[in-house]
Each structure stands twice: as C-alpha cells, then as structure tokens.
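Engineer: One-letter residues, chain by chain:
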Amino acid sequence: MNVAVAIHDVKQDAFAPASEAGPAPKRIVAAFGFWIFLLSDIVMFSALFAAYAVLSHATAGGPTAVQLFSQTNVAVETACLLVSSYTCGIMSLAINARRRAATYLYALLTFLLGAAFLALEVREFADMVAIGAAPQRSAFLSSFFTLVGCHGLHVAAGLVWLTVMMAQVAVLGFRASVLRRLLCFALFWHALDIIWVWLFTAVYLIGVQS
Amino acid sequence: MTDALYDRAPGEASTSPEAERTTMSTEFGIYTIGLVLALLLTAISFWVANTSMIWAAGIPIGLVVLAIAQMGVHLVFFLHITTAPDNTNNVLALAFGVFIVILVVAGSLWITTNLNENLMLSPELMNLQMQR
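So the protein sequences, as listed, match chains L and G. Using the working numbering, the letters of the first sequence correspond one by one to residues 1 to 210. Using the working numbering, the letters of the second sequence correspond one by one to residues 1 to 132.
Note that these hints are calculated values from the structure, not bench results. Mixed in with the good hints there might be a few duds.
[What the hints assert, rightly or not] One-sided and incomplete, this derived list gives chain L residues near chain G with beta-carbon spacing under 7 Å:
#, residue
1, Ile28
2, Ile42
3, Val43
4, Ala75
5, Thr78
6, Leu82
7, Tyr86
8, Gly89
9, Ala186
10, Leu187
11, Val197
12, Leu205
13, Gln209
The beta-carbon is built from N, C-alpha and C at its ideal position, and this holds for glycine as well.
Work out the full structure, taking the sequences as your base and the hints as a guide.
Structural biologist: Structure, rendered in structure tokens:
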C-alpha cells in the first residue's frame, strides 16, 4: 500500500510532456467526445440551413417570409436564449464551487428562460399554422419548420436533460460522473445558442430582406 | 499538478477545481462581459436589419459579419475556447467542423444558383414551382 502511494506521488511530481502522461482523465475524454458530437450536430444543422437558403424563395404563391415573421417575437426569443446561456454559465461556476443551492437556483432560471423561449416558438408556429402557413403549404415553409423546429426540439431535449441532471445532483450529489454530465450539458446549451445566432440572422433578419 | 499536462476539456475554464474557486469572481466577470457583448451584437443586428442608413445590398453581408462576431463571443466567453496549447485539440476539431459547414452551405448555394440560372424555365412554368 505504501509503495502504491509512493508511486502515485512520483507520478504527481514528474513533469512529463502530454504524450508521455498516459491516457487523459475520463472528464477530458468525455467532454472532448461530446464536443465532437456537437460539431457533427452543427454539420447536420448546416444541411438544414443550406436547404432553407436554397428554398427560401420557393413560396409557391403562399405567404412569404416578410408577411409571416414578427421581429419583436424573435427579439424576445433571442433575449431569453442569451440570458439562459448566461445563467447556465453561472450555474457551471456554482457547480465548480460545489454550491448546491446556487446550482438549483441558476438551473431553475435556465430552465424557465428556455421554457419561455420554447413557449414563444410554439405560439409562433401555432399562429402560422392557423393562418394556413403550415409546413405542407410550400417548400419554403417545409424548410422553415424543419430548421427552426429542429432547433426547438434540441432546446426541448436540453430542458429534459437539465431536469434529469438536477435530479441526479439531488440524489447522487456532486460525484465525478454527475460533474462530467453537467459539463456536457453546459456545452450543449451554449452550442444551441450559437445555432440560434445563425438561425435568427439567416431566417428572420436576412430572410425578410427583399 | 499532473492535470496541467493534459489537454483542457472543451467548455472548461481551468483544469483544477481549486484554481476555479480562487478565480470565481474573474470567471463571473468573463461570463458577464460575454453576455453584454452578445446582447450588444444582437441589438446591432436587429438595428442593421431595419435601418435605411445602410445601402440595402450591403445589409446581408453586415448581418453575416455580426453573426460571425457573435459566434466568436460565444466561443470565447461561454465555451472558453482559447489559443492556449492545452486547447489545440478543441480548436482543431472546431476548425474542421467550420470547414465542413462552409463546404455544405456555400457549395449548396453555389450549385443551386448555377442550376437556377442555366436551367431557367419559362416564367409560366416557373410559377408552378417557385415564386421568385
């Protein structure tokens, strides 16, 4: 036992380059793997963006982007998502400091802002369908609902994930596996924000320019 | 610290929890700067889209530039992507992702614009397919 401790100490003190340091800790491997997944998810979104950009004028005589989109609604949605990304970052700080109450508080804020975003988006979709601008109306609307709806689904999945993570913090506490998952959740939530930046720029701002 | 030998996990500000605790107020400041910059860039985007002070044809380009800037703000202030040596793997993966995204989006737009120009139907037929 003493020998093992001694070897461990030697390892701590030795300053070897990364290539000789042996396998990286699981935290780094897991987060890097999740980073790769997020990038592949963004590549999938790029295909949807390309489809939207190609089809954005294919309205088949139906309603156009200018007639459908409300900029105030999008501005409020954007503010919700940006601030929720901020509270998620503050939640990461609370987790690093192992402060349970602050973690719950900022998780709750993140959840509420994300849910507000989702509620606004669902209302927008419902209003569009009510005036006959449903996905089957034109290629433009099909690609719009696919692109924006896919981002909305990601946000919904994020909200479920956040709820599950808070349950895990409550039951399991801040153990290594839970911390890893929380790190991945923060990555996911910030990446969704980057996708939304491109979404409101390409769909709601450039899309309505004539 | 053996941790310092390894690459940094993406999204992580520093490798050790102890260092994190001492720099927590700094970290808080970084997130706050990020939020302020992101809100500012968003506000400018919405202003640019609605203003008549800018030449209309330049507006989409301006909006794309603002979106790239805001993506940079998110990457640096929220995802903690830096140019430090322990971040090389994360940055390389990101660079490859961006490369593929540009290929897919720019390539699709290029090809379909070309097709639209070269295979243009007569206006009556076109109206069945597209409203341009």
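Engineer: Against this structure, judge whether each hint is valid.
Structural biologist: How the hints compare with the structure:
no. : hint   : verdict
1   : Ile28  : holds (4 Å)
2   : Ile42  : holds (6 Å)
3   : Val43  : holds (5 Å)
4   : Ala75  : holds (6 Å)
5   : Thr78  : holds (6 Å)
6   : Leu82  : holds (5 Å)
7   : Tyr86  : holds (4 Å)
8   : Gly89  : holds (4 Å)
9   : Ala186 : holds (6 Å)
10  : Leu187 : holds (4 Å)
11  : Val197 : holds (5 Å)
12  : Leu205 : holds (4 Å)
13  : Gln209 : holds (6 Å)
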